[in-house]
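Undergrad: Spelled out, the chains give:
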Amino acid sequence: MHTYQLFNFHIHTPFECPELLEPDSCSQYFPSVYVSYGNVLKNLDSPLNMGPVYEATNELFLLKVGVGQYLIRNGSEIIIQPAHNATEKQLRLLLFGSAMGALLNQRGYFVLHASAIATNKGAVIVMGISGAGKSTTIQSFVDKGYKQLADETVALYYDKKSQQVMALPSFPSTKLWKNSVEKLDKDMKNLTRVSDNFEKFHLYNKTNFVNKAIPLFAVYHLVSTRESDELLMEELNASEKLKTLFDNTYRRKYSDKLRCKENHFTIATRAVNQAHIKLLKRPDLKDTFKELIQFIEKDLDL
Amino acid sequence: MSKICWLASYPKSGNTWVRILLSNYLSELEHPADINALEINAIASSRQLFDEYIGLSSSDMDEDVIKYYQPCLYDELVRNANHDIYMKVHDAYIVNQDGLPLFSATATKNIIYIIRNPLDVATSFAHHLNISLNNSIQHMCDESFTMAKSVDNINNQLPQLLLSWSGHVQSWIESGLKVHIVRYEDMIFDPKKSFKAILEFMNFDVNEERLEKAISFSSFDSLKKQEQEKGFMMKDPRSQSFFRKGQIGAYREELTQEQIDTIVEYHRETMIKYGYLNEHNQLVY
Numbered sequence: 001m002h003t004y005q006l007f008n009f010h011i012h013t014p015f016e017c018p019e020l021l022e023p024d025s026c027s028q029y030f031p032s033v034y035v036s037y038g039n040v041l042k043n044l045d046s047p048l049n050m051g052p053v054y055e056a057t058n059e060l061f062l063l064k065v066g067v068g069q070y071l072i073r074n075g076s077e078i079i080i081q082p083a084h085n086a087t088e089k090q091l092r093l094l095l096f097g098s099a100m101g102a103l104l105n106q107r108g109y110f111v112l113h114a115s116a117i118a119t120n121k122g123a124v125i126v127m128g129i130s131g132a133g134k135s136t137t138i139q140s141f142v143d144k145g146y147k148q149l150a151d152e153t154v155a156l157y158y159d160k161k162s163q164q165v166m167a168l169p170s171f172p173s174t175k176l177w178k179n180s181v182e183k184l185d186k187d188m189k190n191l192t193r194v195s196d197n198f199e200k201f202h203l204y205n206k207t208n209f210v211n212k213a214i215p216l217f218a219v220y221h222l223v224s225t226r227e228s229d230e231l232l233m234e235e236l237n238a239s240e241k242l243k244t245l246f247d248n249t250y251r252r253k254y255s256d257k258l259r260c261k262e263n264h265f266t267i268a269t270r271a272v273n274q275a276h277i278k279l280l281k282r283p284d285l286k287d288t289f290k291e292l293i294q295f296i297e298k299d300l301d302l
Numbered sequence: 001m002s003k004i005c006w007l008a009s010y011p012k013s014g015n016t017w018v019r020i021l022l023s024n025y026l027s028e029l030e031h032p033a034d035i036n037a038l039e040i041n042a043i044a045s046s047r048q049l050f051d052e053y054i055g056l057s058s059s060d061m062d063e064d065v066i067k068y069y070q071p072c073l074y075d076e077l078v079r080n081a082n083h084d085i086y087m088k089v090h091d092a093y094i095v096n097q098d099g100l101p102l103f104s105a106t107a108t109k110n111i112i113y114i115i116r117n118p119l120d121v122a123t124s125f126a127h128h129l130n131i132s133l134n135n136s137i138q139h140m141c142d143e144s145f146t147m148a149k150s151v152d153n154i155n156n157q158l159p160q161l162l163l164s165w166s167g168h169v170q171s172w173i174e175s176g177l178k179v180h181i182v183r184y185e186d187m188i189f190d191p192k193k194s195f196k197a198i199l200e201f202m203n204f205d206v207n208e209e210r211l212e213k214a215i216s217f218s219s220f221d222s223l224k225k226q227e228q229e230k231g232f233m234m235k236d237p238r239s240q241s242f243f244r245k246g247q248i249g250a251y252r253e254e255l256t257q258e259q260i261d262t263i264v265e266y267h268r269e270t271m272i273k274y275g276y277l278n279e280h281n282q283l284v285y
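Those protein sequence lines, which keep their order, are chains A and B. Position 163 (the first sequence) corresponds to 163 in our numbering; numbering is contiguous. Position 172 (the second sequence) corresponds to 172 in our numbering; numbering is contiguous.
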């Protein structure tokens, strides 16, 4: 059994996970999530929500994909029944993607499809669809000296004690396509492939990573556009802010008809009151990442 | 039960024009519909749509895996819809590795297939992708040509296997589904007749006044003006403009005789079948 620290729990896995961090001394009282191999139900009884690859109740989430079946239970356990030809790398990709998204929902978090850095003012989040440029933006910030907080998923929760929406740390790496790696002038030899079938890589930032929850400060909805050759920032009104958060929910349909949707609404509403939330448009195919981070720095007075 | 009406075509064949016409007809506005906010805006190859409705990240999948899930995507869209969906599609009508068609009969209501002279497609496609005419012609004669292939970067569209131009036409026409074929050239010559036939095929009650207004709001000049004023989201960033000429036979100013011969040689049978070559093997346009 291997133990790592992820979000705000310890995760115990039957295989090594080089993409994760070992637990630090501040995490000794963190709850545990157990990942194990086992036989998994083919279907759930009376699911409340169903999609092409999943079934869900408030307590159980069954993910049925080519590499295997994943049963996520009560936010504390993931059982994997691998397909006979599945590799550990393939299993981890699904485990730390869709399966983890479902587990975070069960734990009551509001999860955004986003990446984030930690600043002295709080978490600055960049959210958007795949290909919007989230990871490249965050890596550009890290290269400039900022610390990474999350990539791919950012889990938010409301901390009653401090009365603030907090952002949890996730993976201490960015996932970048080859052309982004080249743009950022990184040496490909030191990188690990996400999959053997395409040119996408993990770029580890384990020493440039903040491994604790921090208050939410700003959220940018990053959109790649053909409208203009320039970076454009747009203000949003309160209802547009709320909508943009929901539009960028990680695996949005997973939570349909489930109780966790109420948590999402509560956290999102508080996030709208607490954080700067704006729309940021960058020109498609034009490399503007250096200007983009200067744009954000200036906007937030970082 | 809601289903999908596919607006299928090889790229640069007038698909966007049909969507704009339909959007103008359905929206009943007193001014031309905004080309960047069309009522009919969905495209089958949208990565965002795939990720949301399948519930997995397509950027972590190779092409075969994406195609494995694609039939489920359209079935899922239909399952969640409370009205028919009009959806643009450039993929050829193909089956995935499990032998399932990407666009299942259960998800499909009908198909409008838009066909255009491959000689004009070749020049328009070259401008659209900002590639040479020879490259464009090569793609149109390649049975394995895939558009938006993600190798070292991510595209906001899923990879789309087009086959050759003839292969594309044949794949949809012989899909066994209910298909209405529209020639781009007929839409130019007599838009009212062509568009009325589309509406009737789709079982709409045809209102002549609305039809004429939709046609005038969708004129080439009106679309080009909108693009010049506000840009167009469908324009490939590498190309100068989306609405370029739209004319019949514009290829004559751009293609060499050798390039024309290459296209005619490869696509002769389909060109004869759809009236682009006559019985004497002469070009009609």
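If you're looking for bench data, these hints aren't it; they were derived computationally from the structure. Here the structure is a predicted model, which means the values were calculated and not measured. Every residue gets a Cβ at the ideal spot worked out from N, C-alpha and C, and that includes glycine. Hints are supplied without guarantee of correctness; some may be wrong.
Calculated pairs, DSSO-like style, for lysine-lysine (alpha carbon to alpha carbon, straight line, at most 27 Å) [unchecked claim]:
(1) B:Lys230 x A:Lys243
(2) A:Lys257 x A:Lys160
(3) A:Lys281 x B:Lys225
(4) A:Lys281 x B:Lys109
(5) A:Lys89 x B:Lys149
(6) A:Lys278 x B:Lys225
(7) A:Lys257 x A:Lys243
(8) B:Lys3 x A:Lys253
(9) A:Lys253 x B:Lys224
(10) A:Lys243 x A:Lys121
(11) A:Lys281 x B:Lys3
(12) A:Lys189 x A:Lys206
(13) A:Lys286 x B:Lys149
(14) A:Lys257 x A:Lys121
Anything over 10 Å on all C-beta distances counts as not near chain A; from chain B, calculated [stated by the list, open to error]:
(15) Ser2
(16) Leu56
(17) Ser58
(18) Leu73
(19) Ile94
(20) Asn155
(21) Gln170
Undergrad: So, for every hint listed, does it hold in this structure?
TA: Going through the hints against the structure:
1. The straight-line distance between the Cα atoms of Lys230 of chain B and Lys243 of chain A is roughly 25 Å, inside the 27 Å bound, and the hint therefore holds.
2. For the hint linking Lys257 of chain A to Lys160 of chain A, the alpha-carbon distance of about 26 Å falls within 27 Å, and the restraint holds.
3. About 24 Å separates the Cα atoms of Lys281 of chain A and Lys225 of chain B, which keeps this hinted pair within 27 Å; it holds.
4. The straight-line distance between the Cα atoms of Lys281 of chain A and Lys109 of chain B is roughly 37 Å, outside the 27 Å bound, and the hint therefore fails.
5. With a CA separation close to 23 Å, the supplied pair Lys89 of chain A and Lys149 of chain B stays within the 27 Å bound.
6. A C-alpha spacing of about 31 Å is found between Lys278 of chain A and Lys225 of chain B, which places the hinted pair above 27 Å, so the restraint is violated.
7. Proximity of Lys257 of chain A to Lys243 of chain A is assessed by CA-CA distance (about 18 Å); at most 27 Å being required, the pair is judged to hold.
8. For a cut-off of 27 Å, the pair hint linking Lys3 of chain B to Lys253 of chain A stands: about 20 Å separates their Cα positions.
9. Distance hint between Lys253 of chain A and Lys224 of chain B is unfulfilled; the C-alpha atoms sit about 38 Å from each other, more than 27 Å.
10. Only pairs whose Cα atoms come within 27 Å are accepted, and Lys243 of chain A paired with Lys121 of chain A is accepted, the gap being roughly 24 Å.
11. Between the alpha carbons of Lys281 of chain A and Lys3 of chain B the distance comes to roughly 34 Å, so the proposed pair goes past 27 Å and is violated.
12. Distance check on the hinted pair: Lys189 of chain A and Lys206 of chain A sit about 18 Å apart at the alpha-carbon level, within 27 Å; holds.
13. Simply put, Lys286 of chain A and Lys149 of chain B have alpha-carbon atoms about 19 Å apart, close enough for the 27 Å limit, and the pair holds.
14. Taken as a hint, the Lys257 of chain A and Lys121 of chain A pair is broken in the structure, with Cα atoms around 36 Å apart against an allowance of 27 Å.
15. With a minimum CB-CB distance of about 17 Å to chain A, Ser2 of chain B clears the 10 Å threshold, and the non-interface call stands.
16. Remark: the non-interface label on Leu56 of chain B conflicts with the geometry, its nearest Cβ contact in chain A lying 6 Å away (cut-off 10 Å).
17. Residue placement check: Ser58 of chain B does not keep its beta carbon more than 10 Å from all beta carbons of chain A (closest about 7 Å).
18. Non-interface status of Leu73 of chain B relative to chain A is broken: a Cβ of that chain comes within 10 Å, the nearest being about 7 Å off.
19. Every beta carbon of chain A lies more than 10 Å from that of Ile94 of chain B, the smallest distance being close to 19 Å; the non-interface claim holds.
20. Consistency note on Asn155 of chain B: stated as away from chain A, yet its beta-carbon is not over 10 Å from all of that chain's, at 7 Å minimum.
21. Chain A leaves Gln170 of chain B outside its interface by the beta-carbon criterion, the shortest separation being 29 Å against a cut-off of 10 Å.
In the structure shown, a violation is registered for the earlier hints numbered 4, 6, 9, 11, 14, 16, 17, 18 and 20, in ascending order.
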